[in-house]
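Novice: Given the coordinates of chain W, work out where chain E should sit on it, guided by the hints.
What follows is each chain in one-letter form.
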Amino acid sequence: MNEFFSMSGYGAYVWPAFALGFGVVIVNLVMALNSLSSAKQEARRRLQMNAPGNGP
Amino acid sequence: MATWTWFHRFGSPPWVYGFARRWTPWIGGAAGLSMLVALYGGLVLAPDDYQQKDAFRMVYVHAPTAWLSMMVYTTMAVAAAVGLIWRMKVAHAAAAACAPVGAWFTVAALGTGMLWGKPMWGAYWVWDPRLTAELVLLFLYFGYMGLRAGIEDQAKADKASAVLAVVGVVNIPIIKYSVEWWNSLHQTPTVMKMGKPAMDTAMLWPLLLMFLAFALYFAAVLLIRLRAELLRRERNASWIREVLT
Numbered sequence: 001m002n003e004f005f006s007m008s009g010y011g012a013y014v015w016p017a018f019a020l021g022f023g024v025v026i027v028n029l030v031m032a033l034n035s036l037s038s039a040k041q042e043a044r045r046r047l048q049m050n051a052p053g054n055g056p
Numbered sequence: 001m002a003t004w005t006w007f008h009r010f011g012s013p014p015w016v017y018g019f020a021r022r023w024t025p026w027i028g029g030a031a032g033l034s035m036l037v038a039l040y041g042g043l044v045l046a047p048d049d050y051q052q053k054d055a056f057r058m059v060y061v062h063a064p065t066a067w068l069s070m071m072v073y074t075t076m077a078v079a080a081a082v083g084l085i086w087r088m089k090v091a092h093a094a095a096a097a098c099a100p101v102g103a104w105f106t107v108a109a110l111g112t113g114m115l116w117g118k119p120m121w122g123a124y125w126v127w128d129p130r131l132t133a134e135l136v137l138l139f140l141y142f143g144y145m146g147l148r149a150g151i152e153d154q155a156k157a158d159k160a161s162a163v164l165a166v167v168g169v170v171n172i173p174i175i176k177y178s179v180e181w182w183n184s185l186h187q188t189p190t191v192m193k194m195g196k197p198a199m200d201t202a203m204l205w206p207l208l209l210m211f212l213a214f215a216l217y218f219a220a221v222l223l224i225r226l227r228a229e230l231l232r233r234e235r236n237a238s239w240i241r242e243v244l245t
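Residue numbers (the working numbering), protein chains in the order written: chain W, 1 to 56; chain E, 1 to 245.
The shape of chain W in the complex, shown without the other chains (with noise of 0.2 Å):
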């Protein structure tokens, strides 16, 4: 097991650059998630803001 961390001496690059890799990718479908709920709330709004009986 403590072969598999050490990955032949080279683990202090090895497991950062996973990180790095596979954090990007957690980090974008978050982010693209978040500015999807986020936009759906914005057009909740704006569609409770123009129900009939609110407008003119």
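Just so you know, these hints were derived from the structure itself, not from any lab. One thing to keep in mind: the hints can contain errors.
As the list claims (entries may be wrong) - Some, not all, of what chain E presents toward chain W, calculated at C-beta under 8 Å:
1) Asp48
2) Val101
3) Trp104
4) Val107
5) Ala108
6) Thr112
7) Trp116
8) Tyr124
9) Asp128
10) Leu216
11) Tyr217
12) Val221
13) Arg225
14) Arg227
15) Arg235
To be verified - Just so you have them, the derived chain E footprint on chain W, three or more residues with Cβ under 8 Å:
16) 14 to 20
17) 24 to 35
18) 40 to 51
Each residue gets a CB set at the ideal place from its N, CA and C atoms; glycine is no exception.
Specialist: For chain E alone, coordinates are given in the frame of chain W:
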């Protein structure tokens, strides 16, 4: 005929929104699953390299992120060109949705490359043609996003940023062929050499699967961001009421 039907459908925001909503979970699920299998294959099953030992395993994160940084840019430029030529709003929205994803993956490609460069070349950074061109790619993404953010009028922002995206695409072949055109410290492609794979099968399949996983992942994230873009752009359209209720 069939192509035109498709083209027209992709020009229709409500159709694209529905399509994106239906397909995202499937594409995203396939991406996640293949990523996990490829990670296991690359980190555990693949044998170590005779020269680089276990350091070569960084290929499983560096090559897919670098490839995606270019693939996303190409997608963005094609979408921008379609938007310019056919004045298709959905295409401009897709191009805008690509930019942040591409910029992040360029950062990942540069960062993972630096971490691989240090033990192999002795330096985190060298002003090598490929590294420099990849850095230019990052600035192109920043320029594209900055230009969009700086122009208030949506149609003008779409047009100006699309021109930048299309002109900047010239950098993509420069990145790709830099290792062949110039004497570069960066190694040449390992997947194919002289039409044959230059890697052992046990090393190769996790890499190919990782490429597939990243392509699917990009498709899923793009579809999510595209929905957000469409909701913001089409805020006064009647179809929004239907999809949100």
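Novice: Next step is simple, just say for each hint if it's right about the structure.
Specialist: How the hints compare with the structure:
{"no.": "1", "hint": "Asp48", "verdict": "holds, 6 Å"}
{"no.": "2", "hint": "Val101", "verdict": "holds, 6 Å"}
{"no.": "3", "hint": "Trp104", "verdict": "holds, 5 Å"}
{"no.": "4", "hint": "Val107", "verdict": "holds, 7 Å"}
{"no.": "5", "hint": "Ala108", "verdict": "holds, 4 Å"}
{"no.": "6", "hint": "Thr112", "verdict": "holds, 4 Å"}
{"no.": "7", "hint": "Trp116", "verdict": "holds, 7 Å"}
{"no.": "8", "hint": "Tyr124", "verdict": "violated, 10 Å"}
{"no.": "9", "hint": "Asp128", "verdict": "violated, 18 Å"}
{"no.": "10", "hint": "Leu216", "verdict": "violated, 12 Å"}
{"no.": "11", "hint": "Tyr217", "verdict": "holds, 6 Å"}
{"no.": "12", "hint": "Val221", "verdict": "holds, 5 Å"}
{"no.": "13", "hint": "Arg225", "verdict": "holds, 5 Å"}
{"no.": "14", "hint": "Arg227", "verdict": "holds, 6 Å"}
{"no.": "15", "hint": "Arg235", "verdict": "holds, 6 Å"}
{"no.": "16", "hint": "14 to 20", "verdict": "holds (count 5)"}
{"no.": "17", "hint": "24 to 35", "verdict": "holds (count 9)"}
{"no.": "18", "hint": "40 to 51", "verdict": "holds (count 6)"}
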